[in-house]
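Undergrad: Produce the complete structure using the sequences and hints provided.
From first to last, the protein sequence lines are chains U and F. Under my numbering, read the first sequence as residues 31 to 297, first letter to last. Under my numbering, read the second sequence as residues 31 to 297, first letter to last.
Please note: incorrect hints may appear among the correct ones.
Where chains are identical, the list cannot tell them apart; a pair therefore holds if satisfied intra-copy or between any two copies.
Unchecked claim - Heads up, simulated SDA-like pairs for lysine to any residue below, C-alpha to C-alpha not over 25 Å straight-line:
1. 290 <-> 227
2. 290 <-> 204
3. 77 <-> 190
4. 77 <-> 91
5. 92 <-> 243
6. 129 <-> 165
7. 77 <-> 182
8. 92 <-> 62
9. 77 <-> 249
10. 290 <-> 186
11. 129 <-> 34
12. 77 <-> 207
13. 290 <-> 183
14. 129 <-> 294
15. 77 <-> 189
16. 129 <-> 225
17. 290 <-> 62
18. 129 <-> 78
19. 77 <-> 65
20. 77 <-> 253
If you're looking for bench data, these hints aren't it; they were derived computationally from the structure.
Number of protein chains: 2
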Amino acid sequence: MVTAPPLEEARDLHPRAARSLFRQGLTVPTTGWCAGYAQANLMIVPKDIAFDFLLFAQRNPKPCPILGVLDAGETSGPLLAGGDIRTDLPAYTVYERGKLVDTVTDLTPYWRDDLVTFILGCSFTFEAPLMEAGIRIPHIDQGTNVSMYRTSIRCETAGRISGPLVVSMRPIAADRVSDAVRITSRYPAVHGAPVHVGEPAMIGITDLARPDFGSPVNIPDGSIPVFWACGVTPQAAVMESAPDLAFGHGPGYMLITDAKDSDYLIP
Amino acid sequence: MVTAPPLEEARDLHPRAARSLFRQGLTVPTTGWCAGYAQANLMIVPKDIAFDFLLFAQRNPKPCPILGVLDAGETSGPLLAGGDIRTDLPAYTVYERGKLVDTVTDLTPYWRDDLVTFILGCSFTFEAPLMEAGIRIPHIDQGTNVSMYRTSIRCETAGRISGPLVVSMRPIAADRVSDAVRITSRYPAVHGAPVHVGEPAMIGITDLARPDFGSPVNIPDGSIPVFWACGVTPQAAVMESAPDLAFGHGPGYMLITDAKDSDYLIP
Chain U
31 MVTAPPLEEA RDLHPRAARS LFRQGLTVPT TGWCAGYAQA NLMIVPKDIA FDFLLFAQRN
91 PKPCPILGVL DAGETSGPLL AGGDIRTDLP AYTVYERGKL VDTVTDLTPY WRDDLVTFIL
151 GCSFTFEAPL MEAGIRIPHI DQGTNVSMYR TSIRCETAGR ISGPLVVSMR PIAADRVSDA
211 VRITSRYPAV HGAPVHVGEP AMIGITDLAR PDFGSPVNIP DGSIPVFWAC GVTPQAAVME
271 SAPDLAFGHG PGYMLITDAK DSDYLIP
Chain F
31 MVTAPPLEEA RDLHPRAARS LFRQGLTVPT TGWCAGYAQA NLMIVPKDIA FDFLLFAQRN
91 PKPCPILGVL DAGETSGPLL AGGDIRTDLP AYTVYERGKL VDTVTDLTPY WRDDLVTFIL
151 GCSFTFEAPL MEAGIRIPHI DQGTNVSMYR TSIRCETAGR ISGPLVVSMR PIAADRVSDA
211 VRITSRYPAV HGAPVHVGEP AMIGITDLAR PDFGSPVNIP DGSIPVFWAC GVTPQAAVME
271 SAPDLAFGHG PGYMLITDAK DSDYLIP
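TA: Listed below in structure tokens is the structure:
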């Protein structure tokens, strides 16, 4: 039985040590773990739709920024040196024909040699520089998950893969919105600049208090809702496009990679 | 018979008008045409290796920055509205099993429904802001093509596609090298920041005066050779990997797209 380290210890772990704990069965959200290292979204699909999915990501780089791709059947790579993509996340989602049929901690029983793994950037990377700049992030202050919404914006379709843009929302103090745009624009590999500022109804969000994924967040007075493209978009595309089989990460239960957040800073 | 407009007129043409001239058979290099619009490298491969090629580009984004992909058989798209990718470049290269077998002005006779078109960023886009910042670009001053070299740096392999990194070299005044890095780093979709500054032997270049592609350039006193990843890299990969069939643009005879150079400025 593996027990979770206190968050102040988890914060200082090397990603290799964190992945080892998850491999041994620990199942906790990864927010706050391995400070300075990039966490990532996961999408695994059979080879026969891998081109369509890769093209979907290329055509929709804000929600689907690819950090790495493992070849068909490969279970490790430079983003997780010595690791195993089937066991090293704390939780995985399993989709069959677009339906979420299970959440598991080990993909080994499902593994096939034709599975292609996509590792996608995560907004955790830009939250650190926002906070370093003194910008408050209410869901972190409030200890909840970020609010995520399906929008009325359609992603560009690629072959058999289509779906809506999913966004995450952070209320930002009105006098810091410009700084938040400027700072996150420097991280194009982890969703980059916001896709929308201030008018949720214009992108099909009718009630901020009822997110489609994650938790509701109290919006402090004087704050503006700011929307970033979200790494849940690929899972929404799987739900709509219904490939025979697909696997994702459990939302909030991310892959902790060996890449540094700072590797993705431009310029 | 279509004659070339004087360069001062070509400079002010809309890309649609330029593509129309090329479609009618005009064959001239496109440098200096359609100021402010992004020019692009081309690579067309059969569907059966399109995933490998897309993955090669994803794994090597500095030499192979993808601006757009047309679906198998598609001959037009938003980057060339109303155009035809088979006729709208002034020149094309034809590769069979890795050998350059022909240079043509019209791909229509070769067209097949399984051909997938990749449109890749070109460094012409960042040369304009370099010059606006007062940085001299010797090959432009000297009226020659840029010098390009195969390096000893290997691209990351993807499936059946492998090859060396090809770089372009611009001698930059030593007191402006820092500015040149800073400015080009803001254009990651068109090769971005340099891959190397100052020591050609370290990347396998033995003689700057003998480029592998393009023309030799006189290096002004007080200048440092600065190397950027180059869009000829995909053609070098085709030469090494020898797929049955592939098409590129004639070097210097680019696709002129409807995208603005400024669309690719980050942040």
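Undergrad: Using 25 Å as the alpha-carbon threshold, which applies to residue 77 and residue 91: within, between, both, or neither?
TA: Answer is both; intra-copy 21 Å and inter-copy 22 Å each pass.
Undergrad: Under a CA distance limit of 25 Å, which applies to residue 290 and residue 183: within one copy, between copies, both, or neither?
TA: between (31 Å within a copy, 23 Å between copies)
Undergrad: At 25 Å max between alpha carbons, let me know whether residue 77 reaches residue 189 within a copy, between copies, both or neither.
TA: Close inside one copy (14 Å) and across copies (12 Å); limit 25 Å.
Undergrad: Cα distance capped at 25 Å. Does residue 129 pair with residue 225 within a copy, between copies, both, or neither?
TA: Intra 28 Å, inter 44 Å, cutoff 25 Å: neither.
Undergrad: Treating 25 Å as the Cα threshold, decide for residue 92 and residue 243: within, between, both or neither.
TA: within (18 Å within a copy, 35 Å between copies)
Undergrad: Is it within a copy, between copies, both, or neither that the alpha carbon of residue 129 lies no farther than 25 Å from that of residue 294?
TA: neither (33 Å within a copy, 37 Å between copies)
Undergrad: Within, between, both or neither: how does the pair residue 77, residue 65 come out at a Cα-Cα threshold of 25 Å?
TA: Classified as neither; 34 Å inside a copy, 42 Å across copies.
Undergrad: As a check of your reading, is residue 77 near residue 249 (CA-CA no more than 25 Å) within one copy, between copies, both or neither?
TA: neither (43 Å within a copy, 49 Å between copies)
Undergrad: As a check of your reading, is residue 129 near residue 165 (CA-CA no more than 25 Å) within one copy, between copies, both or neither?
TA: Classified as neither; 38 Å inside a copy, 56 Å across copies.
Undergrad: For residue 77 and residue 182, with the copy left unspecified, which applies at a CA distance of at most 25 Å: within, between, both, or neither?
TA: neither (30 Å within a copy, 32 Å between copies)
Undergrad: As a check of your reading, is residue 129 near residue 34 (CA-CA no more than 25 Å) within one copy, between copies, both or neither?
TA: neither (31 Å within a copy, 58 Å between copies)
Undergrad: Within a copy, between copies, both or neither: which one fits residue 290 and residue 227 at a CA-CA cutoff of 25 Å?
TA: between (28 Å within a copy, 24 Å between copies)
Of the numbered hints given earlier, the model fails hints 2, 6, 7, 9, 11, 12, 14, 16, 19, 20; all others are met.
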